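One-letter residues, chain by chain:
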Amino acid sequence: KQEVTQIPAALSVPEGENLVLNCSFTDSAIYNLQWFRQDPGKGLTSLLLIQSSQREQTSGRLNASLDKSSGRSTLYIAASQPGDSATYLCAVYNQAGTALIFGKGTTLSVSS
Amino acid sequence: SAVISQKPSRDICQRGTSLTIQCQVDSQVTMMFWYRQQPGQSLTLIATANQGSEATYESGFVIDKFPISRPNLTFSTLTVSNMSPEDSSIYLCSVDGLAANNEQFFGPGTRLTVL
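Protein chains in written order, with this note's numbering: chain Z, 5 to 116; chain V, 797 to 911.
By construction, these hints were calculated from the structure, which means they are not laboratory data. Any given hint could turn out to be false.
[What the hints assert, rightly or not] Partial list, computed: chain V residues near chain Z (C-beta under 8 Å): (1) Met827; (2) Phe829; (3) Leu841; (4) Phe871; (5) Gln900; (6) Phe902; (7) Pro904.
Computed from a prediction, not measured in an experiment: that's the story for all the values here. Heads up, the beta-carbon is just placed ideally off N, CA and C, and yes, glycines get one too.
The task is simple: from the sequences and hints, build the whole structure.
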């Protein structure tokens, strides 16, 4: 059974720092991997999707990498801002490429 | 992406009652999904809503408790039946098929509190 783990569970940084969020999964036979952002009491915003054949994706200050062989993905946030404060969720697609299996998330707090 | 809306955005309900949550997409989509996020937990898939046929439920979820409808390619409902306080959660619908890479997009969620 696929399990997704995110470390750390919480992270506090001062504004301007670069930071890395980690995601690991137990079954390397994934379809795709997707990173989301969730603001308190809100739905999910898709940040990046990495297809199983890709090694990384970039969007603005965000860069996500995927290493299927080691069962790991990282989300790199450059020059963090207070507006980046949110919970970041990593999710992998099941082998059918339909349902998402989520980690518990990393709650990020960026102070000004 | 597309605009995904859910109604209601939040509700407070009494034990033993039922609530129907609506999910509307402004584009036709192949797949619609319903997830639950219990307090302090991550998201868990309840079921896949199939257009024109019965929903496909994940282990631990049953149709009698969470009946789902999918009458067309832009709309789905999830009913939470005979509610108990343990059903207090955020319920989210998601869709894919909007992007070529099967990226999933989520609605804003429905925050349900059962007293």
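Which earlier hints turn out false for this structure, listed by number in ascending order? 4
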